[in-house]
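2 protein chains.
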Amino acid sequence: MSSLEEKTLHSEEIFSGKVISLHVQDVELPNGKQSKREIIKHPGAVAILAVTDENKIVMVEQYRKALERTIVEIPAGKLEKGEQPEVCARRELEEETGYVCENLELLTSFYTSPGFADEIVHVYLAKGLSKKENSAALDEDEFVNLEELTLTEAMKYVEDQKIYDAKTAFAVQYLQLQEAIGSK
Amino acid sequence: MSSLEEKTLHSEEIFSGKVISLHVQDVELPNGKQSKREIIKHPGAVAILAVTDENKIVMVEQYRKALERTIVEIPAGKLEKGEQPEVCARRELEEETGYVCENLELLTSFYTSPGFADEIVHVYLAKGLSKKENSAALDEDEFVNLEELTLTEAMKYVEDQKIYDAKTAFAVQYLQLQEAIGSK
Numbered sequence: 001m002s003s004l005e006e007k008t009l010h011s012e013e014i015f016s017g018k019v020i021s022l023h024v025q026d027v028e029l030p031n032g033k034q035s036k037r038e039i040i041k042h043p044g045a046v047a048i049l050a051v052t053d054e055n056k057i058v059m060v061e062q063y064r065k066a067l068e069r070t071i072v073e074i075p076a077g078k079l080e081k082g083e084q085p086e087v088c089a090r091r092e093l094e095e096e097t098g099y100v101c102e103n104l105e106l107l108t109s110f111y112t113s114p115g116f117a118d119e120i121v122h123v124y125l126a127k128g129l130s131k132k133e134n135s136a137a138l139d140e141d142e143f144v145n146l147e148e149l150t151l152t153e154a155m156k157y158v159e160d161q162k163i164y165d166a167k168t169a170f171a172v173q174y175l176q177l178q179e180a181i182g183s184k
Numbered sequence: 001m002s003s004l005e006e007k008t009l010h011s012e013e014i015f016s017g018k019v020i021s022l023h024v025q026d027v028e029l030p031n032g033k034q035s036k037r038e039i040i041k042h043p044g045a046v047a048i049l050a051v052t053d054e055n056k057i058v059m060v061e062q063y064r065k066a067l068e069r070t071i072v073e074i075p076a077g078k079l080e081k082g083e084q085p086e087v088c089a090r091r092e093l094e095e096e097t098g099y100v101c102e103n104l105e106l107l108t109s110f111y112t113s114p115g116f117a118d119e120i121v122h123v124y125l126a127k128g129l130s131k132k133e134n135s136a137a138l139d140e141d142e143f144v145n146l147e148e149l150t151l152t153e154a155m156k157y158v159e160d161q162k163i164y165d166a167k168t169a170f171a172v173q174y175l176q177l178q179e180a181i182g183s184k
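In the order they appear, the protein sequences are chains A and B. Heads up: the first sequence begins at 1 in full-length UniProt numbering, then just goes up one per residue. Heads up: the second sequence begins at 1 in full-length UniProt numbering, then just goes up one per residue.
FYI, nobody ran anything at the bench for these hints, they're computed from the structure. The reader is advised that the hints may include incorrect statements.
Pairs count within a copy or across copies, as identical chains cannot be separated in the list.
The calculated lysine-lysine pairs, modelled on DSS-like cross-linking and capped at a C-alpha distance of 25 Å, are [unchecked claim]:
#1 K78 - K41
#2 K127 - K33
#3 K81 - K36
#4 K41 - K18
#5 K132 - K56
#6 K78 - K162
#7 K18 - K33
#8 K78 - K36
#9 K41 - K162
#10 K7 - K18
#11 K7 - K162
Given only the sequences and the hints, what does the whole structure look like? Please build it.
Printed below as a string of structure tokens:
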């Protein structure tokens, strides 16, 4: 046990929705004093850095209501209850892009907002892509535009803030790093 | 206006706390149907990749109640009302680590969880570090342990999931990329 641990004295569920739930906790701090923590619980998610045989990155443009704008992201989606991340990654890739992949490799996992949320994102690299004729459909409240970008185009999108979220920024930088290592 | 836009029909504030607020919105989808969106509003944050003259990365170990564990992160903190990100970055760096910096450069900004939150993180690179004798103090409910890591140590921390959050994963990969480019 870490000396930095905060003990839960009381936890109240304020809201439980279809994506997130909100809890307010009274905690005991390491110095014995008390404070409140506002906690969002989330089922976790996957994101897929899918690279075609032509070395294009498969991206989706999507309206994000929280931001009141569209951004361009690598395909991603929430874990369903009991779903294995790798299964979810293959499902979301197909649903959002129509691609299936031969090779799927976990690159990393990270918490997105540890200050207030338990959301974790598992980031996969997908290769050996092929378009499926009759792909699984998007969720009924999901609308996306497909884009296939070179790394140079993706880096320009980051600069122009069309790509503007953590997992996609990480994914683009990952490919920059692979290129830098590979070209040594 | 994008054809992907979702129009707000009704928005209700469910909760307003000291860090976040929660809103549930009825939206009109691009196909005219309706859905609900659960939205977290957050003031935004800064994170500081601070590198010492000895090429060590300044990190803080912190208990994250949302995760029920400690993780090691680059220093970070919420924007105060009306505060400029650069001012916030200098303040948080000093409060959490005791360091002040000569040079502060914005590396990038990204949304952490665009699916449900508007939190943006501005990531800065801080160099020319020096310890201040009488540093500004931590918030009264904030407890951290300071660590100074080489890049190799930080990469091991990522592998061991001691470093486990988006902004810090991005920052470590940024330094890997700089090293790869520099050593070509």
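Checklist entry - Tell me, which hint numbers fail for this structure? => result Hint check: 2 fails alone, others pass.
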